[in-house]
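Chemist: Based on the sequences and whatever the hints tell you, model everything.
Protein chains in written order, with the working numbering: chain A, 1 to 256; chain B, 1 to 256; chain C, 1 to 256; chain D, 1 to 256; chain E, 1 to 256; chain F, 1 to 256.
Source of the hints: derived by calculation from the structure; they are not laboratory data. Small disclaimer: the values here were computed from a predicted structure and weren't measured. Among the clues, some could well be false.
Just so you know, same-sequence chains aren't split out, so a pair can sit in one copy or run between any two.
[Said to hold, decoys possible] Here are the simulated DSBU-like cross-link-like pairs (lysine-lysine), alpha carbons at most 30 Å apart as the crow flies:
(1) K49 <-> K69
(2) K215 <-> K50
(3) K50 <-> K69
(4) K171 <-> K50
(5) K232 <-> K69
(6) K171 <-> K215
(7) K171 <-> K69
(8) K78 <-> K232
(9) K171 <-> K232
(10) K222 <-> K86
There are 6 protein chains.
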Amino acid sequence: MSLLDLILSRAAPVPSPEEFGTYLFVGPHPDDIEIGAGATAAKLAAAGKKITFLICTDGRYGDSHTELKGDDLVLRRKEEAVASAKALGVTDVRFLPYLDGVGYGLDELRRSVAEVIAEVQPEVLFCPDPDVDSECHPDHLNVGRVCKDLAFCASHAGLMSGMGLPAAPLKAVAFYMTARPNRYVITSPALLKLQLDSIFLCHETQFPEGTADRKQIPLYLKLRSRLFGLRKLRAAAEGFRVLGRTQMHCMPEAGR
Amino acid sequence: MSLLDLILSRAAPVPSPEEFGTYLFVGPHPDDIEIGAGATAAKLAAAGKKITFLICTDGRYGDSHTELKGDDLVLRRKEEAVASAKALGVTDVRFLPYLDGVGYGLDELRRSVAEVIAEVQPEVLFCPDPDVDSECHPDHLNVGRVCKDLAFCASHAGLMSGMGLPAAPLKAVAFYMTARPNRYVITSPALLKLQLDSIFLCHETQFPEGTADRKQIPLYLKLRSRLFGLRKLRAAAEGFRVLGRTQMHCMPEAGR
Amino acid sequence: MSLLDLILSRAAPVPSPEEFGTYLFVGPHPDDIEIGAGATAAKLAAAGKKITFLICTDGRYGDSHTELKGDDLVLRRKEEAVASAKALGVTDVRFLPYLDGVGYGLDELRRSVAEVIAEVQPEVLFCPDPDVDSECHPDHLNVGRVCKDLAFCASHAGLMSGMGLPAAPLKAVAFYMTARPNRYVITSPALLKLQLDSIFLCHETQFPEGTADRKQIPLYLKLRSRLFGLRKLRAAAEGFRVLGRTQMHCMPEAGR
Amino acid sequence: MSLLDLILSRAAPVPSPEEFGTYLFVGPHPDDIEIGAGATAAKLAAAGKKITFLICTDGRYGDSHTELKGDDLVLRRKEEAVASAKALGVTDVRFLPYLDGVGYGLDELRRSVAEVIAEVQPEVLFCPDPDVDSECHPDHLNVGRVCKDLAFCASHAGLMSGMGLPAAPLKAVAFYMTARPNRYVITSPALLKLQLDSIFLCHETQFPEGTADRKQIPLYLKLRSRLFGLRKLRAAAEGFRVLGRTQMHCMPEAGR
Amino acid sequence: MSLLDLILSRAAPVPSPEEFGTYLFVGPHPDDIEIGAGATAAKLAAAGKKITFLICTDGRYGDSHTELKGDDLVLRRKEEAVASAKALGVTDVRFLPYLDGVGYGLDELRRSVAEVIAEVQPEVLFCPDPDVDSECHPDHLNVGRVCKDLAFCASHAGLMSGMGLPAAPLKAVAFYMTARPNRYVITSPALLKLQLDSIFLCHETQFPEGTADRKQIPLYLKLRSRLFGLRKLRAAAEGFRVLGRTQMHCMPEAGR
Amino acid sequence: MSLLDLILSRAAPVPSPEEFGTYLFVGPHPDDIEIGAGATAAKLAAAGKKITFLICTDGRYGDSHTELKGDDLVLRRKEEAVASAKALGVTDVRFLPYLDGVGYGLDELRRSVAEVIAEVQPEVLFCPDPDVDSECHPDHLNVGRVCKDLAFCASHAGLMSGMGLPAAPLKAVAFYMTARPNRYVITSPALLKLQLDSIFLCHETQFPEGTADRKQIPLYLKLRSRLFGLRKLRAAAEGFRVLGRTQMHCMPEAGR
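Modeler: Okay, here's the thing in structure tokens:
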């Protein structure tokens, strides 16, 4: 870290993702929020925070391990997502109608997410990190980019008025599935178990018994959780790349 | 720096941003050029260089601190931008008609900037760095990306002819508001003061007395200027990520 | 490398770009594949692999060093590309009809490349690295982004069915012209010579005797080849950033 | 790692500390070998390797937690060391007669260790790393330096003949208590438990119930073991800085 | 910083050099303490801490800029040292009788410093960092090594009893003139001025008007002070490499 | 490199090892100077510089590959060293009478080297780098440490007068066999060949045909020479860690 980075990080510290009251978690498909931030969502829900999940595409092509296809699968995945959120303690789950696999224009996706932001009035957005050079799935990159844009724009009355929407009190964005976490939410083995159950017990069309993912994803999440936990001298943690309002604009050093 | 990077940086050195005769500075909003490169613009103007400022959006949503709204604000901000440029010694200030907050398509923005390049015939472009992972403002990213594209394309007669435009003698792009400066322009405390005055005295709709920005931005700019100055054993400097023609294409090592 | 990166790199190793049977090399213009991966293509061809070259734009604006213009040049460059591929041992060369210099929409480019993937059924894609911060040529960035997207999507039956196409057995993407190679293909001075001949003898409209590129590109390629070769304790090698299926999605650590 | 380091590490790989037949572990005080390399010693002993422990000082000043003083403590600590080694599977334990706390000259210490090397004829030495900038205990630095010197000299007939001693077949030195491990011996939770028992149950004059060390050292050793284990995708490991004959002399790159 | 380093630095934080009550500053020559830690000494003195300065050699060869030679110079430098300490607020200044330029054996130097430690009973030692690879002056390396050794040994009753001396309550060592500071003492421009005056006004035999040092040392100290100050968001600071009792022994990670 | 390091390296640049007139190369054994700095010595000799070689031990234990033993070998190695130096263009070769393998006290070695310095009056010393953590040979570490000490002390009239010797105009020390070169002397393939011939043709008792060293050392030296050459955009170079007078004392940042 250069001296300039160090000074800025001390003069304008990145906010903690736990210090807010109203949260909007945005996921590209019905199971991504759980994988990327499930333990944190459960912790926040247990702490009485107001939480909304927004799922942007219908996940209709997540059909490798299920007999269900098309609209039938879409319907089932909605049920799975609602049940999974409930397991984490979240009851407000919303769905955008977009088709899995880039079945939308970026402008309409942006407008749809902006509308939910305008209604939910969150203080912080959780979304996939769009600046991960190895991520190839276009829905992840698109949702991440749109949310990053709105994390800044949606708190400006003027910029939102251009879309005919009211501003929201957004103060931070927390990118999940990130390669450069800068804030860690202490969780616990119990919260990690809750997260894994929400993924594997609830999203059974995606992760039936016997699939490789059923073994590898828990291993990966446990390993990450334990290593991030060690950083905080605790048993478990989730890591996020967080930008507060100060970091979001004209402070390039925050990007390193 | 790897050995390959080192060899290439010595074999094909990045040009100095001061070695050219004709300059085009491109800003997303009416005050960005001053914040990102104001001291350098003033130094170059004082040295008799030919300089044009191009402002891409009308900044109509920069209305947090002013009673003026909409077209009235747009008009006032144009006046502020002209006065501010003048304070820096720059009299050729041009405006694109696009609405603040992504009020344009990327293709039309690209074409409009290409037209100005074709007319001004600059040797170097100054623009925001589009490769800053913390920058969330879409106008900054869009203007940066379009300029980066044209920094390469606009010097190729063929590529410009596709748009019915003549080529320009572009030899370099200098990204301001960057996290990875590789060239430093020595300025001075006097030039820094000129820059700060151009920002705070001229753009009074944006930075009236008593706002937080009025305190924080000068602190940030002074700190940066002093630290970059120290690298050159001088009192003040501005830093840019510069790519010459050799670095712009098929030399991936220049991106590290 | 963080402990997490290290563990993941050992638990889920990036595949070798040589372990496949069917290859699709995608180039923005008629000479890019040769420059970016020519020695590797020749090695794979000599090993009896099934190889297709796909050239996305017609290169009509590569007319700085030739009297030929427009469609005449396009025709000649096709002949050059076919001859050059043949010199490397590759006979299946395909062309998309797009104009040089962003003469296409991203959606149509994506669909066209997807169609070729559906037909060729490659196990690995070679394409320009779209995550190189110094690359300014829009065709390189566009082709790289589209291929990165399809490297993931084209192996999912559902995602391809949305385009009415069959899935392909894609297992990896290998980015050439990259700043962060993670896999090295051992070549040889003879293969390097073959590569240079394919570039300079075959693409004579681009690199006639006496041009600066005619001297600088060979120097650059030789230097890279020798330095990458040293990493493998050999005389020559080409380097690529390779992502296997595990690295392409939801494993952000693979992006560092 | 520079390219030169990389090439050398591949051309002349550091040997594995497990590939030898005859081992000499040298400790400054009666409990240091167990703390620094106990699990590895137990693994090697179980594998039937020939192992000798050599303890250089009498540890008479390790009297903070015991009523025993002076020669009485020295006697007891010898018994503890023998019992502890036995718990690890090592029966050949030797003692130099030097007083704790620099109660020797460096020359006589060097000669004494050389005599044991000449007799035991080890292929590898284990000793404290003398190049740890935070280590302040002079006995640790002295023993480390003497062993590092002899790791090289004791295999040269000429150099040993100057002391009237025969050469030994030394091929490597493995520094324990090191900040820069480059080789990891996979152990196991059972071996770690054996190590901790050898320390805490056998050396009871040093670590009686209720002392701070009794809690902190196991935590530290478990944490290290787990993190080093993760590097090898295993549950536990010990880390050492190993130099083979090639690395010991005139290959400065091996020191990074 | 590796994960292990990070965990240890949080689990066992390095103490602040300001948290103690009784201080012993050790200098190789009569002006080194002032150069290495003068502002901190003045701050601590002003805070009412008990401070002793110990000067190990007589500085008789610091005669480049003075007519005084030999014992005359020794006498004068003692007076300068006493005056300089007084300017910083320190009245207890002690002198060892050793000749400048390695005019002592390491064992007698160690014993002499141990005697002062036994008498003064400090909680922390300040001394030159002996692990600076560019430092060539043997007196600096010797004094640093002896103090580093005693920082550990002098708090152990047993180890001191071997020298017939009582133990001291040493809890930390703070190395000055270090390349790897890990703790920063916030000072101020006034304290920096006090430091520079103590050096240049008091040690006039060493730094008469017109010498190069008279210009360069203040520049160096001001620059360091300002840059270290910036790390703490203050105008001035001094940096030290501090080891607490936990870091001094068997915790190699503290050496990185 | 930290900002402080950068500023200091620019404000007080390390001198070039080629800028002096009188050179003293010090080697632990009769062949070390050639291996560590032979090409540079030859280049300097060809440029008419005044050069002395000083060999500290008699190398009597370098008898692995020769029938000669003891004093007979000592005699032969002297002849080899003289012939080898002559091949490099150096005729002033001096020998200290010390036995190979620490056959000296550090104080007498220091005094002997100081005497040669006093007589030769060099401006720069070349010697082995004593701060290489992998070097285990005590003669290399001892000679390096003594020379590092004298590089500073021998230019101070006072410090030398304590030994009854006149001062020398020493301005720099250049460490060979170093892991952290900071200055590179451009050589050439011809100079490299001269160096290799001086080693392998002249020191035939050490490197007879058919030994492993006869193959490995040339490979290592060629590789180093080529890689260091690449840094200077040349075919060959030797690298040294150089300290000028400014860097030798009280400038800890020069040690990084």
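Chemist: Classify it for me, K222 with K86: is the Cα-Cα distance of at most 30 Å met within a copy, between copies, both or neither?
Modeler: Within. Shortest intra-copy distance 22 Å satisfies the 30 Å Cα cut-off; inter-copy 38 Å does not.
Chemist: My question is about K49 and K69: at a cut-off of 30 Å on alpha-carbon distance, are they close within one copy, between copies, both, or neither?
Modeler: neither (36 Å within a copy, 36 Å between copies)
Chemist: When no copy is named, should K50 and K69 be tagged within, between, both, or neither for a Cα gap of at most 30 Å?
Modeler: neither (34 Å within a copy, 34 Å between copies)
Chemist: Using 30 Å as the alpha carbon limit, work out where K232 and K69 are close: within a copy, between copies, both or neither.
Modeler: neither (44 Å within a copy, 42 Å between copies)
Chemist: Please sort K171 with K50 into within, between, both or neither, judging by C-alpha distance up to 30 Å.
Modeler: within (15 Å within a copy, 42 Å between copies)
Chemist: Cα distance capped at 30 Å. Does K171 pair with K232 within a copy, between copies, both, or neither?
Modeler: both (24 Å within a copy, 26 Å between copies)
Chemist: When Cα atoms must be at most 30 Å apart, do K171 and K69 count as within-copy, between-copy, both, or neither?
Modeler: between (40 Å within a copy, 24 Å between copies)
Chemist: When no copy is named, should K78 and K232 be tagged within, between, both, or neither for a Cα gap of at most 30 Å?
Modeler: Neither. Shortest intra-copy (35 Å) and inter-copy (41 Å) distances fail the 30 Å Cα cut-off.
Chemist: If the cut is 30 Å between Cα atoms, do K171 and K215 qualify within a copy, between copies, both or neither?
Modeler: Between. Shortest inter-copy distance 20 Å satisfies the 30 Å Cα cut-off; intra-copy 37 Å does not.
Chemist: Is it within, between, both or neither when you check K215 against K50 at 30 Å Cα-Cα?
Modeler: Neither: 32 Å inside a chain and 34 Å across chains, both beyond 30 Å.
Violation of the numbered hints given earlier is confined to hints 1, 2, 3, 5, 8; the remaining hints are satisfied by the structure.
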